[in-house]
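Residue numbers (the numbering used here), protein chains in the order written: chain A, 348 to 560; chain B, -1 to 299; chain C, 16 to 191.
A few of these clues could be false.
To be verified - Just a sample of chain C residues kept apart from chain A, beta carbon distances all over 12 Å, derived:
| # | residue |
| --- | --- |
| 1 | 32 |
| 2 | 163 |
| 3 | 175 |
Said to hold, decoys possible - Listed next, the stretches of chain A that the computed footprint assigns to chain B, with coverage defined by at least 3 CB atoms under 8 Å from CB atoms of chain B:
| # | segment |
| --- | --- |
| 4 | 392 to 401 |
| 5 | 461 to 475 |
Hints were generated in silico from the structure; no laboratory data involved. Since this is a predicted model, take the numbers as computed values, not measurements. Think of the CB as a built atom: it goes at the ideal place given N, C-alpha and C, for glycine as much as any other residue.
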Amino acid sequence: MKPELQPRRVTGPDGQEFEVDPLRDYYCEAPPAVHPPAYLKIIEDLFNWARAESIWILGFGTGCGAIEMRPLMTPRFDAYRYGIQWRPTPRQANLFVISGYLSVKTLKRVIRSYEQMQNPKYVVGLGSCTINGGMYWDSYNTIKRLDDYLPVDVYIAGCMPRPESLLHGFMELKRIIRAGQAEGANDYARNFAWYKDNQKRVIHDWDMPDYNW
Amino acid sequence: MTFEWIQIPYALLTIFIVLNYGLLMTALIAKIAARVGRRHGIPIWQNYADLVKNYGLRSSITHGVMFYMGPVFRLTGGVGLLLFVPTIYGSVMFSNLSFAGDLILALYFVFFGTLGMALGAAESGHPYSAIGITRGLSQVTMAELPLALAVFAVALHYQTLSITEIVAAQQGGFLNWTLFTNPLAVAAAMLAFLGSMMRPPFDVVLAPQEIPIGPPTEYHSSYLALMQTNRVLFPIAKIVVYMNLFFGGATSWPEFFIKVFLIYMVSVLVGVVFPRFRVEQSIRWFMIWAVPIGILAIVLA
Amino acid sequence: MHDLYDRLKTRFPLGDWIARRPDLAFVDVPLAQLRSVLLHLRDQEGFTHLVLLTAVDWIETGEFQLTYLLCNRRRACDLGLRARIARDPASMESIHDLWPTAATYQRELREMFGIDFPGSPRLHEDFILEGWREIPPYRRDFDTLAYARETYRERPGRVTRDPAAYMQQQLDPGGH
């Protein structure tokens, strides 16, 4: 664990001493809760319509596949017309696109970002690497199955998938959301222990709380 | 003007109309910008979907009391501004809660939301929020100065602090508008207007490529939805003040819609032409160009 | 570039000159002379830029071969100096005082090959790998495939095909 994450005593600018435990002070340790769709069916349908029509992608390119997301913003593909846009902060994003190979080091950041997103949230695995490792199937530091670590709603196969297949994947995701089947965040909360176990099996220097919102 | 209970539902109706108009108008402007870039652009109802989606998110977290209050204060600024300013001149339904000294109150509300936001975003603890807030406060304070000068020039000009009376004085042909009777004050106010619309060249507060989105970095779900609501309400409320003070007000909803759209487009058009100012550049710009015009307007009034 | 070799040859004991391109050559340097050759090239011959510092694992002879690739911006040519060090324990003199960027390469080599560079700044901080427990992954006695098999769960159904044969079969199933 890095020294700045250790609990320690700190002297503030006013000369007062106080205890600091970064892992406890800055994060919430409460496990994620299952949030049921507790509304009337018609209200949940309205929300699902809105969720499908307003997909905010977290602007975090985790691998080379991120290069295929840029053309989606250009006039040629223009994903905005489907209500898809990119947000710079995980708090406001609903969709995490794991773009291509995922190294263990990035996986750690991905988990932190994913857990900061708010329920309901969706994950799309982009490219063969997220499905079975793709061309990195024998690599010492890239994971092979994304769904061992995060609940995945849609996989888009290809190496690389063209922007058209990405759009098709997003349409498929929309269909799933409209049908009310995109409950990845609740799956994650329900099988939290299993996911954490898998994550910790590959991330050896686990220097964050188990759940950091 | 005397108070009657029926004014409250009327004022709420105004807010409802303005909210829907704002949602559609901002989408329309985004669509125009997209068409200029040869894109198809967002659907016209996109803002509704975003809003419902954010209100409908199932979980949200908080960083403390002020984190709650930030968006609430911000929305209060927008709604309050709209409530105390007559929206449609001569209409009993849409004069809202205007009273004799509403001009001063309006000036206060313009600033209120920013202050609330500063407290809320500061509590979120995100460094980008703090940077954005520092920039936002210095820039808005500076942009407010020429506006205040212009408003007082107009108040001196018409010898009243009631927006309704100022609008009344401008009726009877567009040559009676303050735009033509007191062009200096209008010029200073329009420069201030550019500075408070969060569009280039004065969008360093949000600075999407630099400090991702500034103050609202930590805001999500319902908090963000409140801020989105304010984001469409507040500029229009501000434009209503401008319209009433400088552009003859509006006597009917169609006139209102057209005037608000045109005034909004001023900041959009300026925004697509000029690149972003840094904070110290924009402050210097206001000091050199906007404030002297405002002072001149006061001196001549 | 060969004139450079002639000039260097008068000063230092050097190995063979291996010219790969008109503007790229490699030369073996004895370990003891490496630092003075680097200094001479940097200060006298205009090779001011350290392009990269990398290693090759010669497990058969029990050595690491370090390659210092230098660039002469003015003459637009590159020269690679190659030196061999013992593989176990692997240790090498740090050159971060000649080029500060070398510290980063040395961090990487420490992590990926397990070569120690005493005195190099931040040498023992994690660079790319975080929490690595095995022997350094670029050493050839590290079995990457076995490690990947046992660490990351496979998804059943993965097939490996020879691309040329597979495409031929797809495009021309009859085999004409």
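### Task
Run the structure past the numbered hints and jot down the numbers of the failing ones, going up.
2, 3
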